[in-house]
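As you go down the protein sequences, you meet chains B and D in turn.
When we follow numbering that gives the first Met the number 0, the leftmost residue of the first sequence carries the number 0, and every step to the right adds one.
When we follow numbering that gives the first Met the number 0, the leftmost residue of the second sequence carries the number 0, and every step to the right adds one.
Since the hints were derived computationally from the structure, they do not count as laboratory data.
The structure displayed is predicted, hence computed values, not measured ones.
Hints are not guaranteed to be accurate.
[As the list claims (entries may be wrong)] Cut-off 27 angstroms, straight-line C-alpha distance, at most; resulting in silico cross-link-like pairs (BS3-like, lysine-lysine):
hint, chain 1, residue 1, chain 2, residue 2
1, D, 491, B, 16
2, D, 216, D, 203
3, D, 493, B, 94
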Amino acid sequence: MVDYEMIERTPEFQELKRKKYRFIFPIPIVFVLYYLLFIYMSAYAKDFMSSFAVGNITYGYLFGVSYYIVVWILAGLYVWKAREYDRLVQDIIDKYASETLTKEGDV
Amino acid sequence: MDTAKLFGLILFGVIIALTMYVTYLASKKTSGTDDFYAAGRSLTGFQNGLAISGDYLSAASFLGIAGLVALYGYDGFMYSIGWLMGYLIILYVIAEPFRNSGTFTVADVISYRLNERPVRTAGAFVTMAITMFYMIAQLVGAGAIINLLVGIPYEIALIIVGILMMIYVSLGGMLATSWVQIIKAVLLMATMLIMLALIAVVFKFDLSALFGDAIDKGGENFLRPGNLYNDPIDLLSLGITHILGPAGLSHLLVRFFTVPTAQAARSSVIWGMVLIGTFYFIIALIGFAAAAVVGPQAIQAVDPGGNMAAPLLGQMLGGGAGSFGGELFMAGISAVAFATIVAVVAGLVITGAGVFAHDIYTNVIKKGEVDPHKQFRVARITSIVIGVTSIILGILAKNFNVAQLVTHAFAIGAAANLPVIIFSIYWRRFNTTGAVASMLTGSLTTLVLIGIGPTMMGDAAIFPLTNPGIVSIPAGFLAAVIGSLLTKPENKDKMFAEMSVRSHTGIGAE
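Between the sequences and the hints, there should be enough to build the whole structure, so can you do that?
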């Protein structure tokens, strides 16, 4: 059996959690607020959102579409950060759980 | 019957035959509960990404959002943006720990360190509520599309779809469901790209001209916010529901159990986001083009909810009503919409059936080990019950816009599932009372507010907002916090340590 409580107390695991939480909570919260800015502008800045930027294309449309770019960039950022977490996890497994596990997720 | 309708029927037939064949193959490979509920955890990240998009891009997206954009312009467009954004939350805080700490159902994750029976029971109720709203929306879309294409009455069409999905789920389980979803995702994405190319050609790659025509047909305020939601609070409520909803959808989350590792879960969200984002970018243009080419009035004349905007656009792009090309193209699009619906419905039913057979029957009633075959029998019976119930409700919901119906399912997910999923993974002090309080408060508040709101009561509504999320989502989160803090900690530190290590490292994950 794996001793989960022992692993949880190790400095390595605490470090993993600390690093991870500092990243995975603030970004979604900021992103939700940033998304609500779009809703807020649609509700209260109707003149701006329906004014034309180029030809018949409105600022509202461009602003909305810009969210695709933001969300994909943030997704890429996560993948990049997650590689670091994967390395930390592998270290923990090698150090504390290698006898019980052959590879990650394999019991 | 003319050639185009015949072509449509043949396409329907081909899709049914193909998916049935996949189901047959899957049924031969399905022996244990792992196979039936989680496709043997055999999918790759890319396959699951396709299946996620196949699961998510439902009639509500293809028919519903195109319709809302075509009828209400800007306000419909807001749906197309909002429905992707929630995936960021899934990616950052849910997908990987969820994959590592669960087995088959959402309740596996939330009951990990809480008292199993109350949590599983409440969790099953929430999942059932989400599943029913989602199902009804799909069936409304199916009825309308089959009616439009082959002239079969709406009610009969619903029954046909209902029977099909019961066959997929009960014979092939999650493996068949996944492959039906993958096939559908490929068909749907291909159709979207063809439609985009045709729109580009018709408007000579001039987006401005497309919007110009849309304004001509839809009125000068077509691109101005406020055609559908005049109340800013209602709009804000819609936005919150959209961004927090996907992370609470049970049938979407269980897809993460079909991949072997957290890394595969991560890459499946990424693939899902690429496919889903591309889809929504195009569907908004299809909606605007439908307004520009067909016109909102003509679309509404066919279906009051606007759900037939995309097929009608296809008809016009192919050469117009009555022309061979037009009828042919509409038939093709309708057949794809039909495949879309069937795939989503299969995913919903297997989730609902899984919840009943695994959570309620096996773990609450029988308290643990049950022979897989007995579980499957319960799952099959449940899928029939879900099917029959939703057919009846679908007949009653005939004229609703399907995207708005699905938004109500989002609201239940965000208010009743999301808080308990997040807190059970990340908050040590969270306990059983908090979980049950949150699930009941979140789901009941949402259901009651929909019941006394404009969706059900029209102008006589007691609650003024169409979207209850702005009230019910905070209520769900607050109930979780208050319920936990008011009652004693459960002293399950050992279990929290286990769940924490398992969810972050994958050690011990099934």
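key: Proposed proximity, residue 16 of chain B with residue 491 of chain D (alpha carbon, max 27 angstroms)   = Roughly 19 angstroms separates the two Cα atoms, so the pair holds.
ask   = Taken at face value, is the distance from the CA of residue 94 of chain B to the CA of residue 493 of chain D at most 27 angstroms?
value = With a Cα-Cα distance of about 21 angstroms, the restraint between residue 493 of chain D and residue 94 of chain B holds, given a limit of 27 angstroms.
ask   = Is residue 216 of chain D close enough to residue 203 of chain D, meaning Cα to Cα at most 27 angstroms?
value = OK: residue 216 of chain D and residue 203 of chain D at ~19 angstroms, within 27 angstroms.
When the structure is compared with the earlier hints, no violation turns up for any of them.
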